[in-house]
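J.: Here's the letter readout for the chains.
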Amino acid sequence: MLTLVAVFAPLVGAIASALFRPIASKGAAILQSILFMLISAVAGVATLVSALHNGTPAPQHLFTWISVGAFTPGWTLRQDMLSLVMVAMVSVVSTVIHIYSIGYMAHDENRPRFFTYMSLFTFAMLMLVTANNLLQLFFGWEGVGLVSYLLINYWYERKAANEAALKAFIVNRVGDLAFAVGIALIYFVFGTISFNGIFQAVAAHGADHYTLFGHSLPALEIIGILLFIGAMGKSAQLFLHTWLPDAMEGPTPISALIHAATMVAAGVFMIVRFSPLLDAAPVALQVITVIGATTAFFAGTVGCVQNDIKRVIAYSTCSQLGYMFLAAGVGAYPVAIFHLINHAFFKALLFLSAGSVIHAMADEQDIRLMGGLWKKIPFTWLMLLIGSVALAGLPPFAGYYSKDAILDAAFAANTGISLYGFWMGVITAGLTAFYSTRLLLLVFHGPSRAPKHVHDHAHESPLVMLAPLAVLAVGAVTSGFLLHHAFIGGGSAAFWGASIVLEPHSVMNQLTSLPYWADHATIIAALTGIAVGLVFYVLAPGLPARLAQSLRPIYLFMLNKWYFDELYDWLFVRPALKIARAFWRYGDEQIIDGVPNGLAAATSELASGAGKLQTGSIAVYALVMLVGLLAFVSFFFLWVR
Amino acid sequence: MNLAGFPILSLITWLPLAGVFYIATLKGAEADIACHVRKAALLTSLVPLALGVWLWSQFNPAVAGFQFNEAYAWLPGLAVTYKVGIDGISLVLVLLTLFITPIAILSAQGITTRVRAFFSAVLLLESFTVAMFTATDFLVFYIFFEAVLLPMYLLIGVWGGPRRVYAALKFFLFTLFGSLFMLVALVWIWRNLGTTDIATLLHTPIPAGAQMWLFVAFLVAFGVKAAVWPLHTWLPDAYGEAPIPGTILLAAVLSKMGAYGFLRFAVPMLPNAVQQAEPLMFTLGVVAVIYISLVALAQTDVKRLIAYSSVAHMGVIIIGIFTFTVEGIEGALVQMLSHGLIIAGLFVATGVLAARGEGLAMNRLGGLARNMPGFAVLLMLFSLANMGLPGTSGFIGEILVIVGALKVNFWVSLLGGAGMVLGCAYMLVMVRAVLFDKHSSAAVAAFTDLKASEYAALIPLAVLVLWVGIYPASFTHLLDAPVAALVQTHTAALASHTQLAMVFSK
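Chains as they are written, first to last, in numbering that gives the first Met the number 0: chain A, 0 to 640; chain B, 0 to 505.
Simulated from the structure, these hints should not be mistaken for lab results. Some clues are possibly wrong.
As the list claims (entries may be wrong) - Keeping only pairs whose Cα atoms sit at most 30 Å apart, straight-line, the calculated DSS-like set for lysine-lysine is:
| # | chain 1 | residue 1 | chain 2 | residue 2 |
| --- | --- | --- | --- | --- |
| 1 | A | Lys158 | A | Lys25 |
| 2 | B | Lys437 | A | Lys25 |
| 3 | A | Lys375 | A | Lys451 |
| 4 | B | Lys38 | B | Lys450 |
| 5 | B | Lys38 | A | Lys158 |
| 6 | A | Lys577 | B | Lys437 |
| 7 | B | Lys450 | A | Lys25 |
To be verified - Here are a few chain A residues that sit away from chain B, every Cβ distance over 10 Å (derived from the structure):
| # | residue |
| --- | --- |
| 8 | Ala105 |
| 9 | Ser215 |
| 10 | Leu542 |
As the list claims (entries may be wrong) - Here are some, though not all, of the chain A residues that point toward chain B, as calculated from beta-carbon distances under 8 Å:
| # | residue |
| --- | --- |
| 11 | Asn53 |
| 12 | Ala57 |
| 13 | Val67 |
| 14 | Gly68 |
| 15 | Phe70 |
| 16 | Gly73 |
| 17 | Phe138 |
| 18 | Glu141 |
| 19 | Glu156 |
| 20 | Asn161 |
| 21 | Phe168 |
| 22 | Leu176 |
| 23 | Val180 |
| 24 | Lys451 |
| 25 | Asp455 |
| 26 | Tyr554 |
Keep in mind it's a predicted model, so treat the numbers as computed, not measured. The beta-carbon is built from N, C-alpha and C at its ideal position, and this holds for glycine as well.
Given the sequences, and given the hints that come with them, work out the whole structure.
T.: Below, the structure is given as structure tokens:
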């Protein structure tokens, strides 16, 4: 019941504020949104606490959704520990960010719309994490994608916002298509799409094969990879990551809520949710490990050279999500969720602090035009410092516990691929510490590089923005050692119960027996990164520029984000638009339409005695070719199943 | 008689004719009576809708065959009876027709010339369409399948846009050309099987050799109507040139006749032929989805973009039908219903834009979210539904077809589902050009938000789109029995055919 309240209160809030918008004042509408969010957060935490004491309740069935043949997904709220942890985190972080937004959006004339979208987002995200079958998960999945689109596009008169929103939706949809086909394949193999039904039958279908590309392949591997492609889109993993940095066009609270703490982590959540199936799909897990580790490294390198404060943090998010997939890929599912929760706190904190900086600097986002701000906005400085230290992975802050555990797990798994993940992770830990240091130093220390009037006007944000920062900072400091025992330590089996069941020989049981150097790799890498950052930006400030000059190709490669945008533009976007025009102008208007029009012309000319039967003959030839192509593709479907 | 105790189907079918007669008797100058005619037409279309809803409540979904049957002697010497009845499949399409007609009438505010004739044609169209969907005799079906052409031809040719005559003629010739093939098939069936009663025909095996020829005839006839690629080129012209109410009826209702024909005739009567044609139909469906979606992406005019998107969705319907799975066929049917609602909503919205007088070229609009928030929300909703967002009706059909197709072929499922990506691209491009960015001119900035009559047309559609999206069971439970029977018969027919072949080969 409490879960029901937690999930649906944001929806009620969103609908109510939309309906009452014409009559209610802006303040009342916002207050109303926040009230429902508070209800949701209280219920979300209460349901978690109650589950810890009384055990997790059974799934709550609401009503049938689709019922066609054996395809019968319902609207059901799942209430196992994995769901409830996510519900509590999402509702609390979302509420905190709602409150922060009162201050941040105070000067926006359409701000009730902003709160409506945010509440709607929270609802969709909660539906996602409480889903009891794949289709409801997909509902939440697409729902959060939609609201993400709407919020990136919140300032819809800006061209850049339009383009970023469009890109986010379309790139996500590429992943979603694979996800949808994955759902269909699961239904084909298992005859059901309810989680329990699938998980119970994994053993029975472990040896099932499915023919693809003319080869008979293990069905579970194909399913695992299809689902992961979906997760790659939502969680901005390499190849489908291009939308996330652009998504920073949205207001900063959105970057914190959607593009850092919650939505982008949905892919990780889904992979962990499917751990029973993935445990039987070792190749899919290897793919997840490689992509996750590579993304962590890739985004880390790009983050080191970006100059927009939000983009640095965005690439950092991309990178940290890579860590989570790395953890899941080596089978350390609880560690993935542990990092997800810690990351939610410290990354939301980082984004909101960045928002506070941007607020102080009159909407300036370029860190090259900041500096010396720590005396002006000491509280924000402290908050960003805490967030950065937690991100960099220094004990006893949150990030240390989970990142350390991820690297330990990758090392302990001790396969070629997991060791690749380990080394990528170690290098990235260094990069992370470096770019965090760089960000802090450029924004807060050294001389001010801002125009004088901007620097003079820099002021601390109002209390309504600072208080949420403090709440998140408490999380970023404490969530690591508070949750450590229950999430990944001795209490984890009891804590997760049936929601994450580990194999007997799981890597989770080997985390404590590592060589000294591997166990301390995180700290060593982080300290190295910080030291390099200090050298670059305090001791030898001319060094970065000289390095950029002497290693220009590498610098440009990183600055231009490995040229993915240019590559995709050249490979997909331009050809698609060209083909589209060609299909229309030549395919449709000249060839296909040419035949009847040509025949009509020929007929009328024949009737008038001119007798030019050649009219339209090119079109006829082209049609013959089309028919040939058609026959060819038909045979393809006939033979290549 | 039937379950209702009175000829309910005939009543629903022919009530609109009473409205036609009433409107015809009205005298006076065009401008004076226009408002009166509009109201009369709207009321006339609401009564059959109410009866239809009652019919829905009385319908027994457990029965796979026809219900509420009526039969009247017609051509006794030729063994032809005027027979009507409904099963779940036809009920859903009848309800769609009854629901869309008032919407079309509401969106006809811009029609000011020959008002009497216009609304008469719309009501006549409703009668003929319902008659066609309820016919349980092939000859009766054929007659109304053709009859529907006439009012539609007039709607395009008289009240259409600048190229209306070309578009109307093209529409007429294409469909007539296709129907001729069906006529040949009809004559063959009549001569060789001795009956045109559909219920009887369903249990009359047709020799496998003849099936292929009959299927080709059906493919041309229904393929033109359903705008199956490459028989679709009449459609962008017809949709583009027809007046908005005509486009709505054409896109939401008439485009379903082809798919209905495949389900009613081709699939159950020609099991071997449709099975053999499956790869071809998949190809046509996939080409429609990908090729047409790309063409839609290249469009610069709102109405034409939506017209092409409509063709792309027909591809999904074709794929669904030819999976011969319960999921695929029900998916196709839900997609037919959903497409009817969504495309109607999109075209009503197009009409709203057209009524503001700055044309429909995308580069001449923009920024309307600012001055038309109500319109923006609704256009956004229909656009999202059109790209199959979960929670809207578009998703249900799409996912069921993907699921059904995967049972048959992975690539059909993936490529047929590609509409999820491409549809997203062209709809969002359209939405961006219309609602977002900056106003392209001062005139666009002065557009006023929706009027009451525009809300009245859009809100019911929006409610239904969400209803079908969140609780589709209200409609799918009507389809379960007939579709299950269809799939079962198909499988059984194929099995018996294979057994026979085995016997002969020994």
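J.: If a hint holds in the structure, say so; if it doesn't, say that too.
T.: These are the hints, each one checked on the structure:
1. Proximity of Lys158 of chain A to Lys25 of chain A is assessed by CA-CA distance (about 27 Å); at most 30 Å being required, the pair is judged to hold.
2. Pair hint Lys437 of chain B plus Lys25 of chain A holds up; C-alpha atoms about 24 Å apart against a cutoff of 30 Å.
3. Using a Cα cut-off of 30 Å, the hinted pair Lys375 of chain A and Lys451 of chain A holds, with the two alpha carbons roughly 13 Å apart.
4. Our distance criterion of 30 Å between C-alpha atoms is met by Lys38 of chain B and Lys450 of chain B, whose separation comes to about 17 Å.
5. Distance hint between Lys38 of chain B and Lys158 of chain A is unfulfilled; the C-alpha atoms sit about 44 Å from each other, more than 30 Å.
6. For the proposed pair Lys577 of chain A and Lys437 of chain B, the alpha carbon gap of about 26 Å is at most 30 Å, so the pair holds.
7. Distance restraint check for Lys450 of chain B and Lys25 of chain A: the Cα-Cα separation of roughly 25 Å lies within the 30 Å cut-off, and the hinted pair is therefore satisfied.
8. The beta carbon of Ala105 of chain A sits about 21 Å from the closest Cβ of chain B, which is more than 10 Å, so the claim that it is off the interface holds.
9. Consistency note on Ser215 of chain A: stated as away from chain B, and its beta-carbon is indeed over 10 Å from all of that chain's, at 13 Å minimum.
10. Non-interface status of Leu542 of chain A relative to chain B is upheld: no Cβ of that chain comes within 10 Å, the nearest being about 44 Å off.
11. Violation of the interface hint for Asn53 of chain A is found here, the shortest Cβ-Cβ separation to chain B being roughly 32 Å, above the 8 Å cut-off.
12. For the restraint placing Ala57 of chain A at the interface with chain B, the shortest Cβ-Cβ distance is roughly 23 Å, beyond the 8 Å limit, so the hint is violated.
13. Annotation: Val67 of chain A was flagged as interfacial toward chain B, and the flag holds, the nearest CB pair being 5 Å apart, inside 8 Å.
14. Evaluation of the Gly68 of chain A hint against chain B yields a held restraint, the C-beta minimum of about 4 Å falling below 8 Å.
15. For Phe70 of chain A, the interface hint holds, the least distance from its beta-carbon to any beta-carbon of chain B being 5 Å, beneath 8 Å.
16. At a threshold of 8 Å, the smallest CB-CB gap from Gly73 of chain A to chain B is about 10 Å, leaving the interface hint violated.
17. Because the smallest distance between the Cβ of Phe138 of chain A and any Cβ of chain B comes to about 4 Å, under 8 Å, the interface hint for this residue holds.
18. At its closest, the beta carbon of Glu141 of chain A sits 5 Å from a beta carbon of chain B; the interface hint therefore holds under the 8 Å criterion.
19. Annotation: Glu156 of chain A was flagged as interfacial toward chain B, and the flag holds, the nearest CB pair being 5 Å apart, inside 8 Å.
20. At its closest, the beta carbon of Asn161 of chain A sits 5 Å from a beta carbon of chain B; the interface hint therefore holds under the 8 Å criterion.
21. The interface hint given for Phe168 of chain A holds, since its Cβ lies 6 Å from the closest Cβ of chain B, which is under the 8 Å cut-off.
22. Given the 8 Å rule on beta carbons, the hint for Leu176 of chain A holds: about 5 Å separates it from the nearest Cβ of chain B.
23. For Val180 of chain A, the interface hint holds, since its Cβ comes within 8 Å of a Cβ in chain B; the closest pair sits about 5 Å apart.
24. This hint is violated: Lys451 of chain A has a C-beta 33 Å from the nearest C-beta of chain B, more than the 8 Å allowed.
25. Nearest Cβ of chain B to the Cβ of Asp455 of chain A: about 33 Å, over the 8 Å cut. The hint is violated.
26. The beta carbon of Tyr554 of chain A comes no nearer than 34 Å to any beta carbon in chain B, farther than 8 Å, and the hint placing it at the interface is violated.
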